[in-house]
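Novice: For the sequence shown, our numbering gives the first residue as 47, with consecutive numbering after it.
Hints in this document: simulated from the structure, not taken from any laboratory. Ideal Cβ positions, reconstructed from N, Cα and C, are used throughout, including at glycine. There may be inaccurate statements among the hints.
Distance windows between CB atoms, simulated [claimed, not checked]:
1. SER115 with THR148: 31 to 41 Å
2. LEU185 with GLY136: 19 to 29 Å
3. ARG149 with THR117: 21 to 31 Å
4. GLY126 with TRP157: 11 to 21 Å
5. THR167 with ALA190: 36 to 46 Å
6. ARG197 with ASP75: 39 to 49 Å
7. ALA87 with THR193: 15 to 25 Å
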Amino acid sequence: MDTHAGALAWLAQGAASNLLDRLVDRALDGPAAPPAWPRPAGTVEIGVRHHLAAKGRTPVILTLQEDGSRTGTAFSAVLGHTARIALPGGRYFGAAMVVDPTRRTLQGIGWSRLTVAARRTSPCLIAVNRPSAPVILQLGLRKADGTPLFRL
Numbered sequence: 047m048d049t050h051a052g053a054l055a056w057l058a059q060g061a062a063s064n065l066l067d068r069l070v071d072r073a074l075d076g077p078a079a080p081p082a083w084p085r086p087a088g089t090v091e092i093g094v095r096h097h098l099a100a101k102g103r104t105p106v107i108l109t110l111q112e113d114g115s116r117t118g119t120a121f122s123a124v125l126g127h128t129a130r131i132a133l134p135g136g137r138y139f140g141a142a143m144v145v146d147p148t149r150r151t152l153q154g155i156g157w158s159r160l161t162v163a164a165r166r167t168s169p170c171l172i173a174v175n176r177p178s179a180p181v182i183l184q185l186g187l188r189k190a191d192g193t194p195l196f197r198l
C-alpha cells in the first residue's frame, strides 16, 4: 500500500469514526439547538427635559436596562442634546439623572419605559424633576455608610 493511500485511508477512517460518534451523540441528545442569531437593531433617540433652564453644558447620566434583565448600561449626555443609541429591538427602562459635578448635587431625576423597534428610530423623552431625599434613598443612591450619594 502506498504511503499516501495509507494516510488517506487512516484519515477516512478517523472522519467516519468522528461522524459516527456525532450521529450517536445527536441521536441520544436530540436535535442540535438552532444558532442564536442576534436580534435586529434599532435606534432610540433620547431627549431629557428639565423644568429649570440650565446654564452651560449640564451633564446627564442615562441608564438603560432591558426588561427582565438585572444589568444595565450607562451613557453620558448633555442636557438639551439628543442622545442617539443603537440597541437590539425590545422593551427597555430608561432613567436620567441631571447632575452638577462641581457641587455634587443631583438637580433632577426621571425615568420612562421605551420600546426600540427593529430597523427604525424610536423617540423617547424623559422628563426629570427635582428629587426628594426619600426618593434618592429608595433608589439606592447612597454610599456604603448609608448617606446619600448626592446632595439635594
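Novice: Hint by hint, say whether it matches the structure.
Specialist: Now the hints, each set against the structure:
1. SER115 with THR148: 31 to 41 Å: holds (33 Å)
2. LEU185 with GLY136: 19 to 29 Å: holds (23 Å)
3. ARG149 with THR117: 21 to 31 Å: The hint (21 to 31 Å, Cβ to Cβ) holds, given that ARG149 and THR117 are roughly 30 Å apart.
4. GLY126 with TRP157: 11 to 21 Å: holds (19 Å)
5. THR167 with ALA190: 36 to 46 Å: Taking Cβ atoms as reference, THR167 and ALA190 lie about 41 Å apart, which means the hint holds.
6. ARG197 with ASP75: 39 to 49 Å: Given a distance of about 59 Å, which is not inside 39 to 49 Å, the answer is violated.
7. ALA87 with THR193: 15 to 25 Å: Violated - the Cβ-Cβ distance for ALA87 and THR193, about 40 Å, lies outside 15 to 25 Å.
Hint compliance for this structure: hints 6, 7 are not met, and every other hint is.
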